[in-house]
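Here is what each chain is made of, one letter per residue.
Protein chains: 2
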Amino acid sequence: MNKGRLIVFSAPSGCGKGTMLAEILKDERFAVSVSATTRAPREGEQDGVNYHFLTREDFEQRIADGKFIEHAEYCRNLYGTLVSEVDGRIEQGLNVILEIEPQGAMKVREKRPDAIFVFIVPPSIGELRRRLKKRGTETDEVIEERISKAAWEISQAEKYDYVIVNDALEDAVSDFFTVIRAEQLKQEFSGDIIEEVLKNA
Amino acid sequence: MNKGRLIVFSAPSGCGKGTMLAEILKDERFAVSVSATTRAPREGEQDGVNYHFLTREDFEQRIADGKFIEHAEYCRNLYGTLVSEVDGRIEQGLNVILEIEPQGAMKVREKRPDAIFVFIVPPSIGELRRRLKKRGTETDEVIEERISKAAWEISQAEKYDYVIVNDALEDAVSDFFTVIRAEQLKQEFSGDIIEEVLKNA
Numbered sequence: 001m002n003k004g005r006l007i008v009f010s011a012p013s014g015c016g017k018g019t020m021l022a023e024i025l026k027d028e029r030f031a032v033s034v035s036a037t038t039r040a041p042r043e044g045e046q047d048g049v050n051y052h053f054l055t056r057e058d059f060e061q062r063i064a065d066g067k068f069i070e071h072a073e074y075c076r077n078l079y080g081t082l083v084s085e086v087d088g089r090i091e092q093g094l095n096v097i098l099e100i101e102p103q104g105a106m107k108v109r110e111k112r113p114d115a116i117f118v119f120i121v122p123p124s125i126g127e128l129r130r131r132l133k134k135r136g137t138e139t140d141e142v143i144e145e146r147i148s149k150a151a152w153e154i155s156q157a158e159k160y161d162y163v164i165v166n167d168a169l170e171d172a173v174s175d176f177f178t179v180i181r182a183e184q185l186k187q188e189f190s191g192d193i194i195e196e197v198l199k200n201a
Numbered sequence: 001m002n003k004g005r006l007i008v009f010s011a012p013s014g015c016g017k018g019t020m021l022a023e024i025l026k027d028e029r030f031a032v033s034v035s036a037t038t039r040a041p042r043e044g045e046q047d048g049v050n051y052h053f054l055t056r057e058d059f060e061q062r063i064a065d066g067k068f069i070e071h072a073e074y075c076r077n078l079y080g081t082l083v084s085e086v087d088g089r090i091e092q093g094l095n096v097i098l099e100i101e102p103q104g105a106m107k108v109r110e111k112r113p114d115a116i117f118v119f120i121v122p123p124s125i126g127e128l129r130r131r132l133k134k135r136g137t138e139t140d141e142v143i144e145e146r147i148s149k150a151a152w153e154i155s156q157a158e159k160y161d162y163v164i165v166n167d168a169l170e171d172a173v174s175d176f177f178t179v180i181r182a183e184q185l186k187q188e189f190s191g192d193i194i195e196e197v198l199k200n201a
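Respectively, the protein sequence lines represent chains W and A.
The UniProt record's numbering puts the last residue of the first sequence at 201; the count rises by one with no breaks.
The UniProt record's numbering puts the last residue of the second sequence at 201; the count rises by one with no breaks.
Bound-form chain W, shown alone:
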């Protein structure tokens, strides 16, 4: 059986990342990596589902032991991706998706150059603003802050392998699967095929 691939998946908020992921995960060859964090669980959050909730001591020990692919501190809490979340499942043939911000993504790039880096963009910043306003849950000020953050994140898309515009959900999801299939057809990941073809004379 072929090994799966590590997929780094980033998108500014309001780009429909959650809906896209839900669609992608209907395909059982895909799984998401659950992050570890030192922050306290919020109501309804389950250990091992939303996050792996760790004490700071435990988290820091695992950093020291090289158990993280990447980690970072936000608002006095540690967040990171455990190697154990990824490697076993890739060996089993699963494609493991890491939903992560651009800074974390670039740390993954250093350690895992074989990962596939996919960035999702909205059709335009104007459309992103309309989507955020439509939700009606945030003040104009908060929306503009999120727009600024999104604009910065989108400028980081140039560091990714693939850029997918999420205009129509169905097309964006289809483009995602297209990218993964093409990556499987890449020569460096199909070396066994050449060998097999030549062997079966």
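Be careful, since some hints might not be right.
[Said to hold, decoys possible] According to the in silico footprint, chain W covers these stretches of chain A (three or more CB under 8 Å from chain W): (1) 22–28; (2) 116–122; (3) 174–185.
[Stated by the list, open to error] Restraint ranges, calculated between C-beta atoms of paired labels, are given here: (4) W:R131 - A:D192: 19 to 25 Å; (5) A:E110 - W:R42: 55 to 61 Å; (6) A:K186 - W:E141: 48 to 54 Å; (7) A:D192 - W:Q46: 52 to 58 Å; (8) A:K159 - W:R76: 29 to 35 Å; (9) A:T139 - W:E110: 27 to 33 Å; (10) A:E170 - W:D27: 35 to 41 Å; (11) W:R42 - A:M106: 54 to 60 Å.
For the record, the hints were derived by calculation from the structure and aren't laboratory data.
C-beta atoms are modelled at their ideal positions from N, C-alpha and C, and glycine is treated no differently.
Based on these hints, arrange chain A on the given structure of chain W.
Below, chain A without anything else, positioned relative to chain W:
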């Protein structure tokens, strides 16, 4: 409008390359590059359709003028790909397919690192032998010669970007289009998209 891409397309004989190309060319975004040659036209061959038939003098002058992307001599005849067959159509948004052998392909790689290199393999050498025998047009000796040549060519597949197994025609053609779409989603070819997204605030 987006520019098209140069696609280098190689396959040993008996891999169904012709049938695949016929399917691909039904999509009007794709065109094949017509090679130039100094050999005499065979019966039924048309200038500008099967080949651009050139005199040796004309061919050599064009080499001197840098008008060829690649050229080679086989059996005392020159064969090559004219820049003019490729660049204008790429500018117009067409994906131009170069059907070429591995040696020629690697010369294109040097000059056109932006080209997409696709290699088609049969499911196995055994299956290739069955296909060649089924045609019933060649002696066993000729078939074994072709098998040896095919095996050498397949070993060159590792120098290509993508390897597609032509087992079921429909799947192989679908994989080809998948590769081209994924290449269009590559960040380095979609830089304009990022700019556009950020501009339309």
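These are the hints, each one checked on the structure:
For the region 22–28 of chain A, the stated coverage by chain W is not satisfied: 0 residues place a CB nearer than 8 Å to a CB of that chain, which falls below the threshold of 3. By the rule of at least three residues with a Cβ nearer than 8 Å to a Cβ of chain W, the coverage given for the region 116–122 of chain A holds, with 3 such residues. With a threshold of 8 Å between beta carbons, the proposed coverage of the region 174–185 of chain A by chain W holds, since 7 of its residues qualify and at least three are required. Checked against the given bound of 19 to 25 Å, the beta carbons of W:R131 and A:D192, roughly 22 Å apart, stay inside it.
A:E110 and W:R42 have their C-beta atoms about 57 Å apart, which keeps the hinted 55 to 61 Å range intact. Between A:K186 and W:E141 the beta carbons are some 37 Å apart, a value that contradicts the proposed interval 48 to 54 Å. For A:D192 paired with W:Q46, a C-beta distance near 43 Å fails the hint of 52 to 58 Å. For A:K159 and W:R76, the hinted distance range of 29 to 35 Å is not satisfied, since their beta carbons lie about 51 Å from each other.
At about 57 Å, the CB distance of A:T139 to W:E110 disagrees with the hint of 27 to 33 Å. Separation of A:E170 from W:D27 is about 21 Å and departs from the stated range, judged on CB atoms against 35 to 41 Å. Checked against the given bound of 54 to 60 Å, the beta carbons of W:R42 and A:M106, roughly 57 Å apart, stay inside it.
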